[in-house]
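Participant: One letter stands for each residue in the lines below.
Number of protein chains: 2
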Amino acid sequence: MPYEFYYWPHVQGRGEFVRLALEEAGAPYIDVARVEGPEVLKRVLEGRFPKPPFAPPFLKVRMHLIGQTTNILLYLGERHGLAPKSDAGRLWTNQIQLTIGDFSLEAHDTHHPLGPRLQFEEQATEAMKRAAWFREERLERFLGWFENILSQNASVPPHLVGARLTYADISLFQTVEGLRYAFPKAMQRAERRYPRVIALHDLVASRPRIRAYLASERRIGFHERAGLFRHHAELDG
Amino acid sequence: MPYEFYYWPHVQGRGEFVRLALEEAGAPYIDVARVEGPEVLKRVLEGRFPKPPFAPPFLKVRMHLIGQTTNILLYLGERHGLAPKSDAGRLWTNQIQLTIGDFSLEAHDTHHPLGPRLQFEEQATEAMKRAAWFREERLERFLGWFENILSQNASVPPHLVGARLTYADISLFQTVEGLRYAFPKAMQRAERRYPRVIALHDLVASRPRIRAYLASERRIGFHERAGLFRHHAELDG
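Order-wise, the sequence lines are chains A and B. The first sequence begins at 1 in my numbering and counts up by one. The second sequence begins at 1 in my numbering and counts up by one.
Think of the hints as simulated: they come from the structure by calculation, not from any bench. Warning: the hint list may mix true and false statements.
It does not matter which identical chain is used: a pair holds within one copy or between any two.
Straight-line C-alpha distance at most 20 Å; calculated SDA-like pairs for lysine to any residue [said to hold, decoys possible]:
(1) Lys42 - Asn148
(2) Lys51 - Lys85
(3) Lys85 - Ala25
(4) Lys51 - Glu147
(5) Lys42 - Arg141
Construct all of the structure, not just a fragment, from the sequences and the given hints.
Facilitator: Now the structure itself:
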């Protein structure tokens, strides 16, 4: 029975970390809201399921719903060999994934510092202040942390955890993709200092299932009106 | 050997979720930066430990550092009986904790929508917009979700997961404490609609070890200059 995956259609967002892991795992899944429309998300969240998630994304496994991006990945990583089997390895992978979540949330907050109730144009001035801080301090702080983790790991080619691909590697790939889209100038300046991060990005991009997914219609494009990573030239310095 | 816990001294912040769990577990720990000063945090983060966390809080267990609040709690919950033993129960507890993390981060963002580089006074106008959205929509949306989870669980007295106390219960207690401090007027209006959330808060507050901790000097007070939950009258509507 395929997984049922629930997230906003037409948006990469947080859900894309899960989609990419499902694709790399070769796990059969239905991206339900892309088939039935976005109303299905509300219907399921407000329906009769026990233990309803707070918000999308969530994954339906038989009769159970699993919510929160990093929690879904914790589940999938264990079941599809995308995380180590040891407790210590699983915790470390989860810790890295949570940090990727923080990083991508900070990227999101550059364009919506006052929250989603206002359009970008209504908070562009505030967004420029927040984006300056992100570009000048946070971007390199996060990238430097990942570079350091990769430099500590003797694995060749580079992996964040041990010698095999994990969902954290896949999520870091997606984060680099998003940052290149949203902040092309800042990333062009920054990338040369993080060769291992870029090498890992390229490694993930070359995985056959990921490559096939990226070239397929299942992969939604980045968009300046939706998702964690949005391009507005004035936020790129 | 006691745990070594690392977080900003003088601040509850995210670290308080961990401190409360350690206290309820009766686990010996040293709150290192309260003994040695805040410089120790940087020293350890930039030191020679493998797998360094990105930021405090982190927990040192023998020679290992464990970072990210929800990840530390995942670890402690398993070892100290503060989470179910089943995989499904552990994931559900983690999912709730992640949602508490989102809730408390949104409470934080009301006073610092433009990030921590600017003082509150430099972003008070933006903060008022963000706080209005939090008070009018998010506060009740989150509290309603927890109330619903509690109403689905037949446990008497109420618990979020199963029939025993988990770290998620303790963290929800802390969140209610923080909200009452930061938004006393909004909370006074809201609380009557969430009787189970308040009953769970009171249950946690009455636990002997929690009560002893709250009355001790180990418990740092809320503060309008530090932490996730800060009181500024103009943000309380």
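Participant: Any hints from earlier that this structure breaks? Give me their numbers in increasing order, please.
Facilitator: Going through the list in order, the structure violates no hint and respects every one.
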